[in-house]
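Produce the entire structure from the sequences given, and follow the hints as far as they go.
The numbers in this note's numbering rise by one with no breaks, and the one at position 96 of the sequence shown is 88.
It is possible that some hints are incorrect.
No more than 16 Å apart at the CA atoms, straight line, and that leaves these computed lysine to aspartate or glutamate pairs for EDC-like [claimed, not checked]:
(1) K22 to D66
(2) K25 to E13
(3) K45 to D66
(4) K57 to E126
(5) K7 to D30
(6) K25 to D92
(7) K25 to E65
(8) K17 to D92
(9) K42 to E100
(10) K45 to E21
(11) K45 to E16
(12) K75 to E35
(13) K75 to E13
(14) K22 to E65
(15) K25 to D66
(16) K17 to E54
(17) K45 to E13
(18) K75 to E54
(19) K25 to E80
Hints listed in this document are in silico derivations from the structure and should not be mistaken for laboratory results.
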Amino acid sequence: HIIPVNDPPQIINNKLLCITEGGEKIIEEKHLKVSDIDNTNDELYYYLTKIPKNGSLYLNGEAQKINNVFSQEDINASNLIYKHNGTESQSDYFSFTITDSMGIVIPEKSFFISITNTNDTPILVNNTGLILPEGGHQIILESILLVTDEDNTA
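So this is what it looks like as structure tokens:
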């Protein structure tokens, strides 16, 4: 007589996701995958314990929050997307626990995201113009002409 044992899920892939500043990317099973011989992909659940700080996770178009759940099947079906918020951040992550249908839990793990920054166009803030008589001079203040650039402070 053989008594079956519920084996814990195994993490197969937890690989860095690379994305461009302001971009979005599908999290695929080549990035994040668990497997369990006792459970199907729709019986392997990821519980979000920390959400990204520099972007958002979307499942079927819905922004995800702490304690939301998605399955391995959601990942396999390309339903999980990370969208970067466009800031000058270079990394992000979210954390999760994994549970199978029988309640075995894998302790908290993190999924890391690398963000490649882009050179953003400078923004013209003020350009009020300046009228001077011939030969005249005036110091140009920020209230007259001001340009900002997130990528450069000088």
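Verification of the hints:
A threshold of 16 Å between alpha carbons decides the hint, and for K22 with D66 the separation of about 13 Å falls inside it, so the pair holds. The suggested pairing of K25 with E13 is violated, with an alpha-carbon distance near 25 Å, which exceeds 16 Å. For the given pair, K45 sits about 22 Å from D66 by alpha-carbon distance, which is inconsistent with the 16 Å threshold. Taken as a hint, the K57 and E126 pair is broken in the structure, with Cα atoms around 62 Å apart against an allowance of 16 Å.
Restraint check for K7 and D30: not satisfied, since their Cα atoms lie roughly 24 Å apart, outside the 16 Å limit. Taking the CA atoms of K25 and D92, the gap is near 13 Å; set against the 16 Å cutoff, the hint holds. A hinted pair counts as satisfied when its Cα atoms are at most 16 Å apart, and K25 with E65 qualifies at roughly 10 Å. Taking the CA atoms of K17 and D92, the gap is about 26 Å. The hint is violated against a cut of 16 Å.
For a cut-off of 16 Å, the pair hint linking K42 to E100 stands: about 10 Å separates their Cα positions. A C-alpha spacing of about 23 Å is found between K45 and E21, which places the hinted pair above 16 Å, so the restraint is violated. Of the pairs offered as hints, the one joining K45 and E16 holds, with about 15 Å between alpha carbons and a cut-off of 16 Å not exceeded. About 26 Å separates the Cα atoms of K75 and E35, which puts this hinted pair outside 16 Å; it is violated.
Between the alpha carbons of K75 and E13 the distance comes to roughly 9 Å, so the proposed pair stays at or under 16 Å and holds. Among the hinted pairs, K22 with E65 is consistent with the structure: their alpha-carbon atoms are about 13 Å apart, no more than 16 Å. Taking the CA atoms of K25 and D66, the gap is near 11 Å; set against the 16 Å cutoff, the hint holds. Distance hint between K17 and E54 is fulfilled; the C-alpha atoms sit about 15 Å from each other, no more than 16 Å.
Distance restraint check for K45 and E13: the Cα-Cα separation of roughly 14 Å lies within the 16 Å cut-off, and the hinted pair is therefore satisfied. Restraint check for K75 and E54: satisfied, since their Cα atoms lie roughly 12 Å apart, inside the 16 Å limit. Only pairs whose Cα atoms come within 16 Å are accepted, and K25 paired with E80 is rejected, the gap being roughly 29 Å.
The structure fails hints 2, 3, 4, 5, 8, 10, 12, 19 (numbered hints given earlier, in ascending order).
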